[in-house]
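Here the protein sequences line up with chains A, B and C, keeping their order. Here the first sequence is numbered in the numbering used here, starting from 1 and rising by one per residue. Here the second sequence is numbered in the numbering used here, starting from 1001 and rising by one per residue. Here the third sequence is numbered in the numbering used here, starting from 2001 and rising by one per residue.
One should not assume that every hint holds.
Here are some chain B residues pointing at chain A (derived, C-beta under 8 Å) [claimed, not checked]:
1) Leu-1150
2) Phe-1365
3) Val-1376
4) Ile-1380
5) Tyr-1458
6) Pro-1460
7) Gln-1463
8) Pro-1525
Bear in mind the hints are in silico, worked out from the structure with no lab data behind them. Using N, Cα and C, we set each Cβ at its ideal position, and we do this for glycine too.
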Amino acid sequence: MLSKSSYLIFIISGVIGISFWIGFNVNLLPTEASINAPIYDELFKILFIIGLILFIGMSLLVVYSLFKFRKRKGQIGDGIALEGNLKLEIIWTVIPSIIVLVVGLYSYNIYDRMGGMNELNHDHSLMGNNSEKIWAGISQSNNNLGLIDTNIEVSAMQFAFLFNYPKGDFISGELHVPVNKEISVKMESKDVIHAFWIPEFRIKQDIIPGQPTVLNFTPTKVGKYPIICAELCGPYHGGMRASIIVEEQSDYEDWFNQNKKDELIA
Amino acid sequence: MTILIDKKNQVTEKIQPKGFLRYFSFSLDHKVIGIQYLVCGFLFYLVGGTLASAIRIELTSPMSDFMPRDVYNQVLTLHGTIMIFLWIVPVVNGAFGNYLIPFYVGARDMAFPRLNAVAFWLIPPSGLMLITSYFIDGAAQAGWTAYPPLSITTPQSGQIVWILSVLLLGGSSIFGGINFIATILKLRRPGLKLMQLPMYCWAMLGTSILVVLSTPVLAGTLILLSFDIVANTGFFNPVLGGNVVVYQHLFWFYSHPAVYIMVLPAFGLVSEILPIHCRKPLFGYKTMVFSIMGIVVLGLVVWAHHMFTSGTPPWMRLFFTIATAFIAVPTGIKFFNWVATMWGGKISINSAMLFSCGFIINFVFGGITGVALAQVPFDIHVHDTYFVVAHFHYIVYGGSVFVIFSSIYHWFPKVTGKLLDEKLGILHFALTFIGFNLCFAPQHWLGLNGMPRRVAEYDPQFQFVNQISSLGALFMAISTIPFLINIFLSVKNGKKAGDNPWGALTPEWLTSSPPPVENWKGEAPLVTEPYGYGIDTTDN
Amino acid sequence: MTTINPKKLENSSNEDNGHHEDFRLFGLITFLIADGMTFAGFFAAYLTYKAVNPLPDGAIYELELPIPTINTILLLVSSATFHKAGKALFKKNNVESQKWLLITAVLGISFLICQLFEYFHLPFGLTDNLFASTFYALTGFHGLHVTLGTLMILIILWQTRIEGGRISYKNMFPFEAVELYWHFVDGIWVILFIILYLL
Ligand code: HEA
Ligand code: HEA
Ligand code: CUA
Ligand SMILES: [Cu+2]
């Protein structure tokens, strides 16, 4: 027979092992198609594993006590008159605090790597309204002045997205972007609040009337992904979708040149 | 002090109808009011559940085919509003609070019986008003959060009715909160110390503090919103220079604490139920009290975690991440203490106990997804998706509703003097537990993979998982049948329960079942150790 | 060890603690805290607007100080007169008390008149801009409180007319409740004055 504590160690390591196994082998997320995605998935994995350990652990405890300490036939009387235990209380205050703190710092790190802490600058010198206040968003890098490869303006309205390419002076219903280039979109709404969400990129930002927001991102995988409006905006909210088409630089340029307004003053 | 109210009560009771009819009267008896809250809330739950069923039926196919799109939005708005403001909040606070708190503090009624009755009678009319708005000109369709400018630009009559009824319900909630605070702090039986009160009193004290501090802010906000709608002001209307994000801050300043208003009383109820059926004292009474107060304080400063993707600057996002995640600590203390309460007990496995254990498991799951949501980078992807829907149903349904059912099984013998049937109860539990997990667990995956919430149509790739979820909802709907049968059969010819079928020590069990009008025939007992199990027994 | 200890209820006689701070006053204080939170919400909104939403060019939001300053004085004095009325009533001097109450009511009404006067002479209307809307919402909501308070003062004025009537030194509660409410409304005005007019 094993001793009590070795049983305990066995079970705890079992729970941790299973959680790690699930965390590493069960993929609940869609394709990773931007620089942000693998960073996000790293955080997800950690949170998933910690969550599983806690959840499985707690459930086992509840089910085990329910079974082990059930009242048998003919048993009378009460359980032990145990009213508390300071040492235990301290343990289960301190351990969750540490977990929460570490997770918080770690997700700060993730957020920083995703560009959340960068200044919200967005180069729109071409449009001549560079001074406009940007209220919120995620800015991937600080090198805003002209170094961002593609600037696009998104305007959202009930119930569509329009993509304005200032460099080519044209508007498209589909968002075309080159792969592996940093893209910056500045978003404004014409009526109610919408949101700009690309699940494969793991980014989202509300599009707020009267408060322009930005999102910077770098797609890493050629393909067609949905752009989804994630904020209730009226009856057709569910149908408010568009596509982002990530293509090789040359394909993108072809598309761009086809669409751009011909030089008016040649 | 107590007697002052007794006299009033005796006078009023005489003119009041007796028997079944008293539940339809403007009664001042806290027990009658408690039952009124419960039954009224349950009827609204059936309405809200019917609306939920409509949602789930619509979502069995990726097209919007079961109802028009704007009706879908009305249905989900009504579903959210009814479930929160007419079911969970009135029941965990109003129903159980009114029934139990006077017993627990050794009083014969609440501090302000008249205010109490007024608070209850505000509920049915505002609820009915809300529901009828659907049939007249269409109900509100901006979601239960009513974010402007959508709420300003959608058809206005429905939105105005929505605002009115939420204002009335908020008023009812504030009156209730004032009453609970006064009853707990001022009406205690002489000799009864605060630290001797059953845990539910502490939970209600914390909840009522939240109600009093945060509900008025919602009221003010909704008044401003209604100005925007009817008087054409521009508080939240960007066209007129307003700021839509200010609404969100004000709204969540109420509505985040509101989630603790929905769950703290449930925590209290579980703290009453577990020790009795486990035959053990509540583990760590003091830390339980501190953790409630910790949740109250933290709960007031975390609201912006609902706004991580709106117009919030980075520093704000970070502050609210840390503050939110820290709520896991006091909440965790409570859960560990409950498990420790079970540990080494002599647990009777019955419906009340099963629902409570189901609550612990479901809530831990929902809480953990909550802590994940609190992390800004995590939330940015899943905000406003089915992941969030799954998170909060794990908490409001798997948490609060499970506790409500547990409490009904637990206190039914007190209220009626009859026992509920255990077989039907366990069937009810099994159906609910399975249906619930089947319905909401898959929604996490939906959210992570790209299904936004509040949509009537979705990407066809999600159809199968949505159908599983709808199947779960069907199970939940079916699970109400054994429950209702059980209630009706047992009220009529259930087994006699006796005064104290569970051998409990809390004061409400130390009187007859059902209790007499003024709670005790003689003087109120002084219960200084509500959880004194195992102290005076022969082992085994 | 017994856990149930049905001790005799000490003090089970009907003690009418009329003018003590009983739980009705406690309930009122709780209510006033709640009411104060409504104002806090409005103030928070106002301050946020001011910080982040610049008004369009040419918007007029200059406020004149004389009237609100007079109003502040009116309310502060009325708080003092109310207090006097309470003292007089406690000394069973109903006539004296009524005199002070009347002055309080007149001060309250003058406040409302001044407020209306200000409204009619302001260069902006309710929907002109964000500042104007918030200004009217805040002062209007406060004015509603003053109106309610004045009405209640008139009611207790009527009820103190006979010694030993409904409100007397023996039953001070309604009187104290209105007084507390009045001081509260007064306090809110001071905050409002500072935030809206002085900042
Ligand atoms: C009763 C209701 C209730 C309760 C109690 C909670 C509790 C919590 N909620 Fe939830 N929440 C809602 C109801 C509720 N929520 C609703 C209705 C919404 C959606 C609103 C809408 O948009 O319509 C929502 C949305 C919501 C969001 C916004 C998501 C979004 O829209 O993007 C967030 C983000 O932070 C969040 C977080 C949390 C957290 C951290 C807790 C914590 O309190 C949970 C703490 C509990 C535990 C953690 C489990 C037990 C603890 C342990 C076992 C200890 C060990 C654990 C750790 C160390 C992690 N909730
Ligand atoms: C607070 C409590 C609460 C409770 C208990 C529930 C219970 C349920 N909820 Fe709900 N829900 C919310 C609060 C709640 N919900 C909120 C706040 C929202 C957000 C709204 C918004 O976005 O604005 C929401 C949104 C919401 C959605 C997302 C809608 C969307 O975003 O598009 C879904 C979808 O599945 C859903 C489903 C369900 C289901 C299946 C139940 C089930 O558990 C219900 C089970 C009960 C029944 C099935 C009743 C059974 C009875 C009958 C059917 C008999 C009828 C008979 C007579 C009338 C006599 N809910
Ligand atoms: Cu646009 Cu939803
Ligand atoms: Cu919240």
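Verification of the hints:
1. Leu-1150: Constraint on Leu-1150 of chain B satisfied, holds at 4 Å.
2. Phe-1365: holds, 6 Å
3. Val-1376: Hint on Val-1376 of chain B: holds, closest Cβ of chain A at ~5 Å, below 8 Å.
4. Ile-1380: Status holds, d = 5 Å.
5. Tyr-1458: Hint holds; Tyr-1458 of chain B Cβ to chain A Cβ min 6 Å, cut 8 Å.
6. Pro-1460: Nearest chain A Cβ about 12 Å off; hint violated.
7. Gln-1463: violated, 14 Å
8. Pro-1525: violated, 20 Å
Consistency note: the structure conflicts with the earlier hints numbered 6, 7, 8.
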